[in-house]
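*Asks:* What follows is each chain in one-letter form.
6 protein chains.
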Amino acid sequence: MKVKVFRKEHFNAAHRLHNPEWSDEKNQRVFGKCNNAHYHGHNYELIVEVKGEIQPETGYVMDMKVLSDIIKENVLNKFDHKNLNLDTLEFANLNPTAENIAVIIWQLLREKIDHELDLKIKLYETERNFVEYPAD
Amino acid sequence: MKVKVFRKEHFNAAHRLHNPEWSDEKNQRVFGKCNNAHYHGHNYELIVEVKGEIQPETGYVMDMKVLSDIIKENVLNKFDHKNLNLDTLEFANLNPTAENIAVIIWQLLREKIDHELDLKIKLYETERNFVEYPAD
Amino acid sequence: MKVKVFRKEHFNAAHRLHNPEWSDEKNQRVFGKCNNAHYHGHNYELIVEVKGEIQPETGYVMDMKVLSDIIKENVLNKFDHKNLNLDTLEFANLNPTAENIAVIIWQLLREKIDHELDLKIKLYETERNFVEYPAD
Amino acid sequence: MKVKVFRKEHFNAAHRLHNPEWSDEKNQRVFGKCNNAHYHGHNYELIVEVKGEIQPETGYVMDMKVLSDIIKENVLNKFDHKNLNLDTLEFANLNPTAENIAVIIWQLLREKIDHELDLKIKLYETERNFVEYPAD
Amino acid sequence: MKVKVFRKEHFNAAHRLHNPEWSDEKNQRVFGKCNNAHYHGHNYELIVEVKGEIQPETGYVMDMKVLSDIIKENVLNKFDHKNLNLDTLEFANLNPTAENIAVIIWQLLREKIDHELDLKIKLYETERNFVEYPAD
Amino acid sequence: MKVKVFRKEHFNAAHRLHNPEWSDEKNQRVFGKCNNAHYHGHNYELIVEVKGEIQPETGYVMDMKVLSDIIKENVLNKFDHKNLNLDTLEFANLNPTAENIAVIIWQLLREKIDHELDLKIKLYETERNFVEYPAD
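Residue numbers (the working numbering), protein chains in the order written: chain W, -19 to 116; chain D, -19 to 116; chain V, -19 to 116; chain A, -19 to 116; chain E, -19 to 116; chain H, -19 to 116.
Same shape as in the complex, but just chain W:
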């Protein structure tokens, strides 16, 4: 009797899309406005999905308060009100696209959550652009 439980959190961050191996002209052509040298930013909406059995004693798959605390400690404290390119180790050498941010968040949370529970990340960069990892 497996159930998925979801917790929604958010963080606000600046970022810039840029490939340092490309010319400025190619970066501009590929990433357009997202390549702006002085950064732009987003309100990221983050949905963390955890799948597992209901625990009979609690009726929970996982305590949402515990999950929320794990997300705050391992993701929001790192990324909220930060410049992803300049203020984080994770994106010092990795382009902070929504896809890559979702993968990094999954890696940060995977080691903090019981391995009998499956984990998935949905990340909204805007209301109209969002991603999910892993894909199945």
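Hints may be right or wrong, so weigh each one.
A pair counts as met if it fits within one copy or between any two copies, since identical chains are not told apart.
Stated by the list, open to error - Once the Cα atoms are required to be at most 20 angstroms apart in a straight line, the calculated SDA-like pairs of lysine to any residue come out as:
{"id": "1", "residue 1": "Lys13", "residue 2": "Thr38"}
{"id": "2", "residue 1": "Lys100", "residue 2": "Ala72"}
{"id": "3", "residue 1": "Lys58", "residue 2": "Leu88"}
{"id": "4", "residue 1": "Lys(-12)", "residue 2": "Leu69"}
{"id": "5", "residue 1": "Lys13", "residue 2": "Val46"}
{"id": "6", "residue 1": "Lys102", "residue 2": "Glu1"}
{"id": "7", "residue 1": "Lys102", "residue 2": "Glu5"}
{"id": "8", "residue 1": "Lys52", "residue 2": "Arg108"}
{"id": "9", "residue 1": "Lys92", "residue 2": "Glu37"}
{"id": "10", "residue 1": "Lys6", "residue 2": "Asp98"}
{"id": "11", "residue 1": "Lys102", "residue 2": "Asn54"}
It is worth saying that the hints were derived from the structure and are not from the lab.
We have chain W already, so just place chains D, V, A, E and H on it with the hints.
*Replies:* Same frame as chain W, now just chains D, V, A, E and H:
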């Protein structure tokens, strides 16, 4: 050519999380504010997902008006504007967590919907805490 | 150069609409499902509006962090995860309709916010039923 | 390392549900208000999901700007501010239910998107009625 | 102690913007896609605002169930799943812009609601285009 | 017969709250996380409100397409995907709080919109923090 169709409904209910086999102190420690003796409540948003073939004559997997009526008769009439712990048989001896409510709603609807159609329940307890059953 | 600033918070509570001077039959006729003896509940969305001049040194009308803390201390701590009828002094003898809850919240916050700032409360009982006080 | 990326677009259209092989009376009984002879309409919200590997050079599965342009050219230009029954070839002989619209949009986009990428369509006819194709 | 109460309803309709005193060319130039001869449509979100004193016996400005019934009988039954240009008397000779629809809805409801209560209409044609009447 | 019409747009930008006349320590104490030296960012939701008479020939207060174009040309082109502190003249010497951004947007639009029409700006920095100017 299978398609999923979704119908969103809502109900408002009071509940309390509590395990009668535990001490008051342990209930308080595990369930926190959700253990409040006099109950609290939620606007539950319910999304019912039905999967099946498109019927060529109608272009429908299932008439959404029929699905809405089934949900009203079998779920909303039981739970809307009720105290889940005190006013329902389903949660007289089952902790009304979002996980358990989703499983019960699935059981209530499963017998009312054509067995060639797959059924899934998504239940929002708040905008930030929600669940899905079955998880497959 | 007056500006309105808004802070959105939420709380979850149980309540029951009931007039103790009426018969059970009249209470049932007037308040319908909302009169359920064992209570029901809502996710209340609360928007607090403060109107005043921009402070030149900060660019703020009021620090939203400070406003959020005032709301938490004076409103959420009283009402969140509570039964409004049974667990609060404010509604021991006052029917907890959305209208009355909004007036009470305004009174609780009015004394905590600088009197040069105007104050208004918007309260969503559901996505489809909401109120605003004062109406001016 | 497969990721799903999603792009949300919208279009406004009129339609009527009708089976020309049925009597007016049967059409009215089956489709109810949706059979209104002079049409009614919707704000359709369209979510296009594309699944694939992250490209290391860009950090993208697919450039959302390119995906948005493909959707505009192949779907919105056909359906936005149109009468689906009268103004489109696709629904000249196909009942424009949400299910059928989703299948048609999938077919229109499938040939425009790299075949190494999986494609899925979610279509909201209203906030409360929506569909997804293909179903798995 | 005046309070505003709000009720949200919705209806789906087809319409076309057109001035019969203008040439087809001018209609096309002014109204663009909204002039499409075969109509297009919208999910209209309607918020009805009523302002008045709280009634001490009920704690209500006005029973939201009564307000909802008045809206259904006088507005939704006329406009829901209809073609505003062809199926209604109100827009037989009046261009069904959001502005005009809001004014008509105000007129339809004004005579049905106690004249000691102020009335205002907010109408969303889309999430991004909406109107309010009267303006103060 | 005055009506308010509203147009919603959005832009994504980086910013930092900072008063150059204060010490780093005081900036940190007053602005907290929003003072982060390398900036953070937001998805700003902008609602522009225009109030005036309905034009009998069109049924419009103002063509929403024209309003949208004015906003794009005068606001979005300046601020979208920009660093408000570094990339704009308007905030080179003005702290980019939500309050100040709303005032600046009002000034930018005021000269572009017919002076018989009243203008108001609502700006969402996040879903939970937003402002309106002018206040009455």
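*Asks:* Take the hints in turn and mark each one as holding or not.
*Replies:* For each hint, the structure was consulted:
no., hint, verdict
1, Lys13 / Thr38, "between (49 angstroms within a copy, 14 angstroms between copies)"
2, Lys100 / Ala72, "neither (24 angstroms within a copy, 33 angstroms between copies)"
3, Lys58 / Leu88, "within (10 angstroms within a copy, 36 angstroms between copies)"
4, Lys(-12) / Leu69, "neither (24 angstroms within a copy, 31 angstroms between copies)"
5, Lys13 / Val46, "between (38 angstroms within a copy, 14 angstroms between copies)"
6, Lys102 / Glu1, "neither (29 angstroms within a copy, 37 angstroms between copies)"
7, Lys102 / Glu5, "neither (32 angstroms within a copy, 36 angstroms between copies)"
8, Lys52 / Arg108, "between (25 angstroms within a copy, 14 angstroms between copies)"
9, Lys92 / Glu37, "neither (22 angstroms within a copy, 30 angstroms between copies)"
10, Lys6 / Asp98, "neither (39 angstroms within a copy, 28 angstroms between copies)"
11, Lys102 / Asn54, "within (16 angstroms within a copy, 27 angstroms between copies)"
Hint compliance for this structure: hints 2, 4, 6, 7, 9, 10 are not met, and every other hint is.
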